[in-house]
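Keeping their order, the protein sequence lines are chains G and U.
Under the UniProt record's numbering, the first sequence has 227 at position 227, and the numbering climbs by one with no breaks.
Under the UniProt record's numbering, the second sequence has 293 at position 293, and the numbering climbs by one with no breaks.
The hints are simulated quantities; they were obtained by calculation from the structure and are not laboratory data.
A few of these clues could be false.
Computed list of lysine-lysine pairs in DSS-like fashion (alpha-carbon distance at most 27 Å, straight line) [unchecked claim]: (1) G:Lys-63 to U:Lys-31; (2) U:Lys-302 to U:Lys-314; (3) G:Lys-63 to U:Lys-128; (4) U:Lys-115 to U:Lys-24; (5) G:Lys-53 to U:Lys-24; (6) U:Lys-220 to U:Lys-115; (7) G:Lys-115 to G:Lys-63; (8) U:Lys-87 to U:Lys-128; (9) U:Lys-115 to U:Lys-221; (10) G:Lys-31 to G:Lys-128; (11) U:Lys-127 to U:Lys-87; (12) G:Lys-63 to U:Lys-314; (13) G:Lys-220 to G:Lys-63; (14) G:Lys-310 to G:Lys-285; (15) U:Lys-220 to G:Lys-24; (16) G:Lys-115 to G:Lys-31; (17) G:Lys-128 to U:Lys-31; (18) G:Lys-87 to U:Lys-277; (19) G:Lys-314 to G:Lys-285; (20) U:Lys-277 to U:Lys-220; (21) G:Lys-53 to U:Lys-53; (22) G:Lys-53 to G:Lys-24; (23) U:Lys-53 to U:Lys-63; (24) G:Lys-277 to G:Lys-314; (25) U:Lys-302 to G:Lys-24; (26) U:Lys-63 to G:Lys-127; (27) U:Lys-63 to U:Lys-191; (28) G:Lys-220 to G:Lys-191; (29) G:Lys-31 to U:Lys-314; (30) G:Lys-31 to G:Lys-87; (31) G:Lys-281 to G:Lys-63; (32) G:Lys-87 to U:Lys-63; (33) G:Lys-63 to U:Lys-127; (34) G:Lys-53 to U:Lys-302; (35) G:Lys-115 to G:Lys-128; (36) G:Lys-115 to G:Lys-24; (37) G:Lys-277 to G:Lys-115; (38) U:Lys-87 to G:Lys-63; (39) U:Lys-314 to U:Lys-63.
Small disclaimer: the values here were computed from a predicted structure and weren't measured.
Number of protein chains: 2
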Amino acid sequence: MSLIVQKFGGSSVANAQCVFHVAKIITDTYKAGNDVVAVVSAQGDTTDDLIAKANEINPNASKREMDMLLTAGEQMSASLMAMAIEKIGCPVVSLLGWQAGFTTSTAYGSARIHKVNPERICRELDKKHIVVVTGFQGINRFDDMTTLGRGGSDTSAVALAASLHADLCQIFTDVEGIFTADPRKVKNVRKLDYISYDEMLELATLGAQVLNNRSVELAKKYGIELEVLSSMTNEPGTIVRETSHIEKMLISGVAKDGDIARISIIGVPDRPGLAFKIFTKLAAKNINVDIILQSVGRNGTKDISFTIGKDNLKAAMDLLNPYVDMIGASSVAYDDHVAKVSIVGAGMESHPGVASTMFESLFESDINIQMISTSEIKISVLIDADDADRAVSVIHGKFFD
Amino acid sequence: MSLIVQKFGGSSVANAQCVFHVAKIITDTYKAGNDVVAVVSAQGDTTDDLIAKANEINPNASKREMDMLLTAGEQMSASLMAMAIEKIGCPVVSLLGWQAGFTTSTAYGSARIHKVNPERICRELDKKHIVVVTGFQGINRFDDMTTLGRGGSDTSAVALAASLHADLCQIFTDVEGIFTADPRKVKNVRKLDYISYDEMLELATLGAQVLNNRSVELAKKYGIELEVLSSMTNEPGTIVRETSHIEKMLISGVAKDGDIARISIIGVPDRPGLAFKIFTKLAAKNINVDIILQSVGRNGTKDISFTIGKDNLKAAMDLLNPYVDMIGASSVAYDDHVAKVSIVGAGMESHPGVASTMFESLFESDINIQMISTSEIKISVLIDADDADRAVSVIHGKFFD
Numbered sequence: 001m002s003l004i005v006q007k008f009g010g011s012s013v014a015n016a017q018c019v020f021h022v023a024k025i026i027t028d029t030y031k032a033g034n035d036v037v038a039v040v041s042a043q044g045d046t047t048d049d050l051i052a053k054a055n056e057i058n059p060n061a062s063k064r065e066m067d068m069l070l071t072a073g074e075q076m077s078a079s080l081m082a083m084a085i086e087k088i089g090c091p092v093v094s095l096l097g098w099q100a101g102f103t104t105s106t107a108y109g110s111a112r113i114h115k116v117n118p119e120r121i122c123r124e125l126d127k128k129h130i131v132v133v134t135g136f137q138g139i140n141r142f143d144d145m146t147t148l149g150r151g152g153s154d155t156s157a158v159a160l161a162a163s164l165h166a167d168l169c170q171i172f173t174d175v176e177g178i179f180t181a182d183p184r185k186v187k188n189v190r191k192l193d194y195i196s197y198d199e200m201l202e203l204a205t206l207g208a209q210v211l212n213n214r215s216v217e218l219a220k221k222y223g224i225e226l227e228v229l230s231s232m233t234n235e236p237g238t239i240v241r242e243t244s245h246i247e248k249m250l251i252s253g254v255a256k257d258g259d260i261a262r263i264s265i266i267g268v269p270d271r272p273g274l275a276f277k278i279f280t281k282l283a284a285k286n287i288n289v290d291i292i293l294q295s296v297g298r299n300g301t302k303d304i305s306f307t308i309g310k311d312n313l314k315a316a317m318d319l320l321n322p323y324v325d326m327i328g329a330s331s332v333a334y335d336d337h338v339a340k341v342s343i344v345g346a347g348m349e350s351h352p353g354v355a356s357t358m359f360e361s362l363f364e365s366d367i368n369i370q371m372i373s374t375s376e377i378k379i380s381v382l383i384d385a386d387d388a389d390r391a392v393s394v395i396h397g398k399f400f401d
Numbered sequence: 001m002s003l004i005v006q007k008f009g010g011s012s013v014a015n016a017q018c019v020f021h022v023a024k025i026i027t028d029t030y031k032a033g034n035d036v037v038a039v040v041s042a043q044g045d046t047t048d049d050l051i052a053k054a055n056e057i058n059p060n061a062s063k064r065e066m067d068m069l070l071t072a073g074e075q076m077s078a079s080l081m082a083m084a085i086e087k088i089g090c091p092v093v094s095l096l097g098w099q100a101g102f103t104t105s106t107a108y109g110s111a112r113i114h115k116v117n118p119e120r121i122c123r124e125l126d127k128k129h130i131v132v133v134t135g136f137q138g139i140n141r142f143d144d145m146t147t148l149g150r151g152g153s154d155t156s157a158v159a160l161a162a163s164l165h166a167d168l169c170q171i172f173t174d175v176e177g178i179f180t181a182d183p184r185k186v187k188n189v190r191k192l193d194y195i196s197y198d199e200m201l202e203l204a205t206l207g208a209q210v211l212n213n214r215s216v217e218l219a220k221k222y223g224i225e226l227e228v229l230s231s232m233t234n235e236p237g238t239i240v241r242e243t244s245h246i247e248k249m250l251i252s253g254v255a256k257d258g259d260i261a262r263i264s265i266i267g268v269p270d271r272p273g274l275a276f277k278i279f280t281k282l283a284a285k286n287i288n289v290d291i292i293l294q295s296v297g298r299n300g301t302k303d304i305s306f307t308i309g310k311d312n313l314k315a316a317m318d319l320l321n322p323y324v325d326m327i328g329a330s331s332v333a334y335d336d337h338v339a340k341v342s343i344v345g346a347g348m349e350s351h352p353g354v355a356s357t358m359f360e361s362l363f364e365s366d367i368n369i370q371m372i373s374t375s376e377i378k379i380s381v382l383i384d385a386d387d388a389d390r391a392v393s394v395i396h397g398k399f400f401d
């Protein structure tokens, strides 16, 4: 008998039929002799509908009241799921974030989980109840409702699994697991049986968008075994866990991130500390900088290029435009028609030549590399957005065909 | 400066336009220098929509999960109201039942308020916040969400007013106050400026359906002055309070209740205790009996007739049918095409002749009286349902024209 946490996203519970399908998965797990805690998101478009309702009344509503509104979405979803489980004939109870013991920071709209006190859940499990918990929410120290931000239900599930010392945390999605590349765009992709936390983190950051990054970090921190699997097939998915050296694949996957832009500051005077000041200014506005390239320009000046998320582009340019004059640089320019393509693999640490194989495949396909960034288990290149899908295909072909 | 509790029903907050209209009433009261606590119901058809969603999944869902689902309705309504008030530019906070300190019995779906601990509300009022509270809900000793049953938002408002020692509790509805009869059906009705708690209780029970009965009982117990008024007009409504003798009107109103049925048990043997047993059996099934008439039948038997709510008719007949044989009565029959017409007035205690005036007006209009029941401040007659509206008109004409 195991204790299993199962998380179901909004599309998995979008209507009555979906709710029953998921209720069947939960009750089958329960009937197999397991303790089950299910974490559910709001149904389908509920959250978007509620946001639209709020915007109709006040587009500048406080985040506190937005959270008060949005948390109702999971509440409805959880109670309906419990009703479906009752209908199947299993004992069940639905719990809100605060009832399930989630306390968070006060940052409405993007709260961080401070603690999960699973006392109530344990009592319900002791009574042999299936427990359905609202994802994405908790309460802060003012006893006010908070949300964890988009994708937060994954984090809710992992935090719950950690606090309950669960044997497994299953994240049900609309894909069958983690693939070596996007199955919709690349031929001959393979589903991975296992992937390490670090590889998963790199893939998540790089735009694979299967698992929320914070949830993987949390799983790594507490050693929670995650399984990413489809609610539509009855197949095993991909297990995310600490892998041994023997298991390490050379390359786990090829990922693309198109939601980025490159900014270049041209002709920066070669004085120490200038680059530092630029990035400090961006950090103060919560703008994350990814790949950075510094090159020698004309007349003893430097050019500094870096990538940021596309949604930060306007804020970054507004910040930099006046600043460029101030530091005596000649100009600032941006390109939002770029993409980052990356390969991730825990095995590349011990196998030199992975980078050259990647670059060779791009060269053979006439794809120009604008920037390069590497870590121990990742190599990323910045290329023209038009080349991105083709780049993923040729790199994937080189390593996996 | 006063502390005013204002309650707005579902139709008053049905859409964005209504929400703003109500937000204006609340903020005008606040800007006039008052502390304001607003109690809101779920928007328009929200509760019915949620019940339909639940029925689609499980028509026999547990009451606990139904309450978990339904309480989301007021949550959405309260947060949207707070957003509208923010838009108008007044400081505001919305609170759920449990945040506002409502603890209730465990009877899901029809919980009774045990206590209101207004500590959090007082803190918010001290900060000069308008406080919007979800009506209709609380939590029980298991920390689970409960609802007070239909019409419970009135009770929420009065309980809150009592715990806060509010100066006034305004119940906003779609009528302008309490009238001497239903304005949609009777000519020359008058709006009452004042009515006593007892008269209001009789009128509520008798089908005037303006105020929830439990809320009037609570207001009487704690001496809370209620005002029933329209959210659409800017006119004073009707004040419900303890009235002095001088103010007592002979007749406050004429009311009709069509949601009743009459049951007659024919030929009950004349043995002591039989009637008692019948009513004990009905009480055990939570079936309230109203008017009771016992008459002498043939051969030393008795006929016992009584009225009950129409929604209890099937349960009562199922109970009585086998029982009739057992006690040796000859038959049981029912008539669900009846109505109760009543006059209520604190002044009738000291004015004899009110009953005869009422009966005279019915006699003049050829309306047959089936049963009569009286209390110190009320006279009710049971008549054919087809005669009911006409009966209300002629009685009202006799007393008020």
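Right, here's what the structure says about each hint:
A threshold of 27 Å between alpha carbons decides the hint, and for Lys-63 (chain G) with Lys-31 (chain U) the separation of about 24 Å falls inside it, so the pair holds. Taking the CA atoms of Lys-302 (chain U) and Lys-314 (chain U), the gap is about 23 Å. The hint holds against a cut of 27 Å. Taken as a hint, the Lys-63 (chain G) and Lys-128 (chain U) pair is honoured in the structure, with Cα atoms around 19 Å apart against an allowance of 27 Å. With a CA separation close to 30 Å, the supplied pair Lys-115 (chain U) and Lys-24 (chain U) exceeds the 27 Å bound.
Between the alpha carbons of Lys-53 (chain G) and Lys-24 (chain U) the distance comes to roughly 19 Å, so the proposed pair stays at or under 27 Å and holds. Only pairs whose Cα atoms come within 27 Å are accepted, and Lys-220 (chain U) paired with Lys-115 (chain U) is accepted, the gap being roughly 17 Å. The straight-line distance between the Cα atoms of Lys-115 (chain G) and Lys-63 (chain G) is roughly 21 Å, inside the 27 Å bound, and the hint therefore holds. For the hint pairing Lys-87 (chain U) with Lys-128 (chain U), the CA-to-CA distance comes to about 17 Å; that is within 27 Å, so the pair holds.
A hinted pair counts as satisfied when its Cα atoms are at most 27 Å apart, and Lys-115 (chain U) with Lys-221 (chain U) qualifies at roughly 14 Å. Proximity of Lys-31 (chain G) to Lys-128 (chain G) is assessed by CA-CA distance (about 11 Å); at most 27 Å being required, the pair is judged to hold. About 19 Å separates the Cα atoms of Lys-127 (chain U) and Lys-87 (chain U), which keeps this hinted pair within 27 Å; it holds. Distance check on the hinted pair: Lys-63 (chain G) and Lys-314 (chain U) sit about 51 Å apart at the alpha-carbon level, beyond 27 Å; violated.
For the suggested pair Lys-220 (chain G) and Lys-63 (chain G), the alpha carbons sit about 30 Å apart, so the restraint of at most 27 Å is broken. In summary, the hint linking Lys-310 (chain G) to Lys-285 (chain G) is supported, as the alpha carbons are separated by about 15 Å, within the 27 Å threshold. This hinted pair does not check out: Lys-220 (chain U) and Lys-24 (chain G) have alpha carbons roughly 51 Å apart, beyond 27 Å. A hinted pair counts as satisfied when its Cα atoms are at most 27 Å apart, and Lys-115 (chain G) with Lys-31 (chain G) does not qualify at roughly 30 Å.
At roughly 54 Å between alpha-carbon atoms, Lys-128 (chain G) and Lys-31 (chain U) are farther apart than 27 Å, so this suggested pair is violated. At most 27 Å may separate the alpha-carbon atoms for a hinted pair to count; Lys-87 (chain G) and Lys-277 (chain U) exceed this at roughly 38 Å. Taking the CA atoms of Lys-314 (chain G) and Lys-285 (chain G), the gap is near 12 Å; set against the 27 Å cutoff, the hint holds. Between the alpha carbons of Lys-277 (chain U) and Lys-220 (chain U) the distance comes to roughly 33 Å, so the proposed pair goes past 27 Å and is violated.
Note on Lys-53 (chain G) and Lys-53 (chain U): the hinted pairing holds, with a Cα-Cα distance of about 20 Å set against a maximum of 27 Å. Our distance criterion of 27 Å between C-alpha atoms is broken by Lys-53 (chain G) and Lys-24 (chain G), whose separation comes to about 33 Å. Annotation: proposed proximity of Lys-53 (chain U) to Lys-63 (chain U) holds, straight-line Cα distance about 14 Å (limit 27 Å). Distance check on the hinted pair: Lys-277 (chain G) and Lys-314 (chain G) sit about 19 Å apart at the alpha-carbon level, within 27 Å; holds.
With a C-alpha separation of about 59 Å, the suggested pairing of Lys-302 (chain U) with Lys-24 (chain G) is violated against the 27 Å cut-off. Simply put, Lys-63 (chain U) and Lys-127 (chain G) have alpha-carbon atoms about 19 Å apart, close enough for the 27 Å limit, and the pair holds. Pair hint Lys-63 (chain U) plus Lys-191 (chain U) does not hold up; C-alpha atoms about 40 Å apart against a cutoff of 27 Å. For the suggested pair Lys-220 (chain G) and Lys-191 (chain G), the alpha carbons sit about 21 Å apart, so the restraint of at most 27 Å is met.
A threshold of 27 Å between alpha carbons decides the hint, and for Lys-31 (chain G) with Lys-314 (chain U) the separation of about 39 Å lies outside it, so the pair is violated. Taking the CA atoms of Lys-31 (chain G) and Lys-87 (chain G), the gap is about 15 Å. The hint holds against a cut of 27 Å. The straight-line distance between the Cα atoms of Lys-281 (chain G) and Lys-63 (chain G) is roughly 25 Å, inside the 27 Å bound, and the hint therefore holds. Taking the CA atoms of Lys-87 (chain G) and Lys-63 (chain U), the gap is about 13 Å. The hint holds against a cut of 27 Å.
Distance check on the hinted pair: Lys-63 (chain G) and Lys-127 (chain U) sit about 19 Å apart at the alpha-carbon level, within 27 Å; holds. Between Lys-53 (chain G) and Lys-302 (chain U) the alpha-carbon distance is near 63 Å, which puts this suggested pair outside the 27 Å criterion. The suggested pairing of Lys-115 (chain G) with Lys-128 (chain G) holds, with an alpha-carbon distance near 24 Å, which does not exceed 27 Å. A threshold of 27 Å between alpha carbons decides the hint, and for Lys-115 (chain G) with Lys-24 (chain G) the separation of about 30 Å lies outside it, so the pair is violated.
Note on Lys-277 (chain G) and Lys-115 (chain G): the hinted pairing is violated, with a Cα-Cα distance of about 36 Å set against a maximum of 27 Å. A threshold of 27 Å between alpha carbons decides the hint, and for Lys-87 (chain U) with Lys-63 (chain G) the separation of about 13 Å falls inside it, so the pair holds. Taking the CA atoms of Lys-314 (chain U) and Lys-63 (chain U), the gap is about 22 Å. The hint holds against a cut of 27 Å.
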